[in-house]
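Need the complex rebuilt from these two chains, each delivered in its own frame; the hints are there to steer you.
Chains A and B supply the protein sequences, listed in that same order.
Here the numbering used here is used: position 27 in the first sequence is 27, and no number is missing along the way.
Here the numbering used here runs 1000 ahead of the position in the second sequence, where the first position is 1.
Hints are computed from structural coordinates only; laboratory data are not their basis.
Do not take every clue at face value.
Covered, in the sense of this in silico footprint (three residues per stretch, anywhere, with C-beta under 8 angstroms from a C-beta of chain A), are these stretches of chain B [stated by the list, open to error]:
hint, stretch
1, 1086-1100
2, 1107-1114
Taking CB as the label site, the calculated pair distances span [unchecked claim]:
hint, chain 1, residue 1, chain 2, residue 2, range
3, B, V1130, A, R252, 57 to 65 angstroms
4, A, Y186, B, F1228, 16 to 24 angstroms
5, B, K1078, A, G180, 38 to 46 angstroms
Short, incomplete list of chain A residues facing chain B, as computed with Cβ under 8 angstroms [as the list claims (entries may be wrong)]:
hint, residue
6, S31
7, F133
8, A185
9, D189
10, R194
11, R317
12, A321
Don't be surprised by glycine CBs; every beta carbon is placed ideally from N, CA and C.
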Amino acid sequence: MHQIPQVAYRRSIVLMALCVLLVLIAVAAISLGSISIAPKRVFEVLFGMEPSGQIDFARDALVITQIRLPRLILGAAVGAALAASGAVMQGLFRNPLADPGLIGVSSGAGFAAAVAIVLGGRFLPDAATKLPFAFLPMAAFVGALMSTLILYVVASRGGRTSMAIMLLAGIAFAALAGAGTGWLAYISDDRQLRDLTFWSMGSLGGATWSKVAVVVPMVLPTLIAVPFLARGLNAMALGEAEAFHLGISVDRLKTGAILLVSIAVGAAVACSGLIGFVGIIVPHLLRLSVGANYRFLLPASALLGASLLVGADICARTIVAPSELPIGIITATFGAPFFIWLLLRRGPEFAV
Amino acid sequence: MKIVSLSALVTLLGVSLASLPAIGDPGKANESGSLHASQPQRIIAAGGVVTEIVYALRRADVLVGVDSTSTYPASALKEKANVGYVRALSSEGLLSLNPTSVIAIESAGPPDILKAVEDAGVQVSHLPDVATPAGISAKIKEVAKLVGEPVKGAALAAETDKQFAALSALRSKIEKPRRALFILSFMNGRAMVGGRDTSADGILTLAGLQNAASTLNGWKPISDEALFDAAPDIIIAMGHGPQDVTVNSILAVPAFAATPAAKSKSIFIFDGGYLLGFGPRTSSAARDLLLAAYPKLAGQDKRSDLQ
Chain A
1 MHQIPQVAYR RSIVLMALCV LLVLIAVAAI SLGSISIAPK RVFEVLFGME
51 PSGQIDFARD ALVITQIRLP RLILGAAVGA ALAASGAVMQ GLFRNPLADP
101 GLIGVSSGAG FAAAVAIVLG GRFLPDAATK LPFAFLPMAA FVGALMSTLI
151 LYVVASRGGR TSMAIMLLAG IAFAALAGAG TGWLAYISDD RQLRDLTFWS
201 MGSLGGATWS KVAVVVPMVL PTLIAVPFLA RGLNAMALGE AEAFHLGISV
251 DRLKTGAILL VSIAVGAAVA CSGLIGFVGI IVPHLLRLSV GANYRFLLPA
301 SALLGASLLV GADICARTIV APSELPIGII TATFGAPFFI WLLLRRGPEF
351 AV
Chain B
1001 MKIVSLSALV TLLGVSLASL PAIGDPGKAN ESGSLHASQP QRIIAAGGVV
1051 TEIVYALRRA DVLVGVDSTS TYPASALKEK ANVGYVRALS SEGLLSLNPT
1101 SVIAIESAGP PDILKAVEDA GVQVSHLPDV ATPAGISAKI KEVAKLVGEP
1151 VKGAALAAET DKQFAALSAL RSKIEKPRRA LFILSFMNGR AMVGGRDTSA
1201 DGILTLAGLQ NAASTLNGWK PISDEALFDA APDIIIAMGH GPQDVTVNSI
1251 LAVPAFAATP AAKSKSIFIF DGGYLLGFGP RTSSAARDLL LAAYPKLAGQ
1301 DKRSDLQ
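The following block holds chain B by itself, in its conformation from the complex (with noise of 0.2 angstroms):
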């Protein structure tokens, strides 16, 4: 191994040396969505939606290790190695797994992490991260041409784009659009709400619902009396952890008692990755979210009466 030894005399100098992964053992590169693999698969999912989609595509046998936000189902990060937070990989640790590939959502990284584990002959595959039912379809898709599984994955992007459709047609039904306060968490009785540009934005629009917290931009601590302007008609809470919000600890702040929706009871609890993770079971939390806001239209949902 004459290169190697040159190689490293010539790292020593300081220099980046792109020619060394030319080395790396050829087998190892994987075609991308090739169903006959020389050698079984073992992916490196990062991102909390690859997870998913990969566990709904029936195929967790193929992942090796997860990202620690791949939080559904529960079950991945207790039978997978846990790689650290999606944006804090680590190369060494990636590589350690013996990945044939890593499925990166778009945010993953950091880049030269991601790179250098490119660099050592594992193919990385960065996936556009759009927070649409369009966008869900093509993750899905995607994700299932690179475990193998094309057909399973157009036929769980139909089913989802059918939901979709079907959520679309019941949100046609809305009459007058509700307005809805989405709190994230509560900090000493100030809550942490999404406003514009975020995913609970996003999934209250297709849920029918309109965001009351529109004025503020991002994730922001709303003020009380920021609060009674918002006036929200529904208020959408994330139930998840030790720090549970519950009804009873929402009405309690003299600000959200006085709200519409504290004084019709519509204080929902929802389980957060449910709502906010788009990926494939994000249709059935829109099309929850949209009938718990609106129960009359309940009865003319068709898929309610298949179930």
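Only chain A is shown next, with the shape it has when bound in the complex (with noise of 0.2 angstroms):
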């Protein structure tokens, strides 16, 4: 027990370190992208300064407000949703390999996607030509909730809901909507097919303030019900009877963690596509720093998941500009690795 203080402090400059990462990275993906502009006129925009050149500067202004900030906060607003749900949903089910696609999020999202995507011109011709912006994102954001609801609603009896059925029926309903996809690919054309394949790779580009201003929304209960959640949480891990006896109101917990995390994660997928990894190796990478305590785990992993995804989000729009790539491949390719260099160096006092 003697290490109790040297983590504490440790969880401190852990949690400022991330604060500053996040920042850093925020200023990057400001000031990078495929057109060049200059850290001064990037100064100037931002606090709305008198411009030092007038050569192209109503360009570089619209790039910057219009462009590069409405993605810089969507990004962080997913990475903070994808990362902080995972820690939760690991917490909720007590198994390292949960993520938000267990409570059928990202299979319920990726359906509906198809759906959309292949049946959407074909049946519902009005409603995919005057919504070209928001029919994909809406329909996917309703297949996820519909997921999620019907998972709970097998999951659970007589008023308790049982995480190891949910977690089981999770399997089974991502293996249908799998299979539903699939159907979907067969019959799709090669462009239908071509956009599913996008889709499932992920990508903030086209994001807008208007798409911000619908996910955000959506994120920040999640992010506010973090202390809520981690008193809970950390209960949890002592095995859910033990958290009952500790005063903890259980089921009300799984009810509110698996619906603040549909909703936060089902607008992310809506709006981004299928990122997968952040949301299981984010936590998981804290785990290794500041220990299993859902108190710091949680903001943590919220500070990183969204420095990792705007950062990943850099490297997505510049490595092959003026062309962009799917975030999804960057996310696994860098993050993948490391994380298993991580597993190569870890300390015996580690425990998943």
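Below you can see the structure in the form of structure tokens.
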């Protein structure tokens, strides 16, 4: 027990470092891109100062305020939502492999997106053409919530929700949604197939202020609820019965956490497609350094998730400029080997 | 620039702002088809057929970027910046080329990316993509207008129409239409073939051929038994890239070796972009295909005398 002050010290250092990292990455995200804009001009645009030169000022201002800034905020919100939700899920299921996908969010959103891409033009041509920007995200969001609801109903009996049943049902549901997506891929044409593939690799391209205005309010409740969730999840680590005896309303915790996560991740996935890996890896990465206390793990996951996704997005939109890579490729290509390296040099105190 | 600071503030509140583009440099927006643009045109072609038409009009000089489907002419992707796949464009990527306009084929996107580019003061022209002879000449005229070459465009479109008319005359001489199977690729000995509602079906029709795979919808792998039923008189395969389909690789598959096409050695390898592009080269592609499928008609083809 002599380690405790040292651990607390390390935690505050890590949290501060993560804040600094996020600020640095945000500055980089605003300054870097396929259009090179001098740091001085970035500064002038952001703080509304008198421009020192007129050449391309209007364009640069537009790129910063209408393209990079909403993209940065969307990326941070999506990253924070995915990583914090991943940590919540791992605590709730008491399973290191848990990620938001387990409660059906990704599979439901993926299936609904496939329906929208392949069948949308055929059966709802009006909706698909009148809402070209919103049709797919709306479908994906509804799909995410619907599948979570189905799983929740399956796993609940007599006012109690079984996490083990939800996990098993989640796996079955993911297989079913995968099969449904497969059927749709089979009847799709070339173009729809390409769209499906790109969607399943995720992208923050097409971020607009209106998307930010929709996604951020969906993600915020989860982040605000972190302190409340943390207490319950810490108790849950001892076991459900133990948590109940510690005075935690276990079923309310489950319902609340599932609801918050499905809304946050549903909105994130709807706007950015499937970005895998962040939800699982970020919490584990932090467990290696700050330990398993959710009071620190949840905010740290949100911060690191935001930084990681915004950082990956910088790579995605600069590596092959003026074209762009799907962000899911970047997060997995760089993140997975790094994570394996961390696992290789783990200390004896590390336990999942 | 108080407007900018104010708008940045407003946008931070999450309000989508449509007024900002108003402060964009008005001199940047070129009038469509203007022959006397105030500054040199800088055009991005989003769609392989757009690039092909611009090159056919010999105005490659106005192009600053092309999308990754612009495989013809092969020099396009070497000379011009690659803005990525036509349906996964990037707004900042497009803007970084300082374009005056983007010519986007109907399927280009995502739509919100093109909208963002348009909001930045770049003229975005959406080009209808109809896979018919009339659609092709309409595309040629429209692209020509946008690059400021309406006269050349009208001439090229008229030439294309004439070729299609000749093709139609040639088609009318076909006594008994033959059945053709269009192979896109081979995966583990299974052929991916063009069914109904594919560009392959379109080019087969133009060449006076019946699609032997018309029971399938879209591009689908065909089973050995369905292949037996299809009984194609002719097999057309796309040959390009590292996984070249060759006549021998087709004959090596037993189900294919048993088809009427294999027995009469009527297997033809064509370049995919040539047959499926539905651009300025389509009339001659269809004609080549027709003459390969109906060799007897070669003598009656007036155009072949000219060459």
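Outcome of the hint check:
no., hint, verdict
1, 1086-1100, "holds (count 11)"
2, 1107-1114, "holds (count 5)"
3, B:V1130 with A:R252: 57 to 65 angstroms, "holds, 58 angstroms"
4, A:Y186 with B:F1228: 16 to 24 angstroms, "holds, 22 angstroms"
5, B:K1078 with A:G180: 38 to 46 angstroms, "holds, 42 angstroms"
6, S31, "violated, 13 angstroms"
7, F133, "holds, 5 angstroms"
8, A185, "violated, 11 angstroms"
9, D189, "holds, 5 angstroms"
10, R194, "holds, 6 angstroms"
11, R317, "holds, 6 angstroms"
12, A321, "holds, 6 angstroms"
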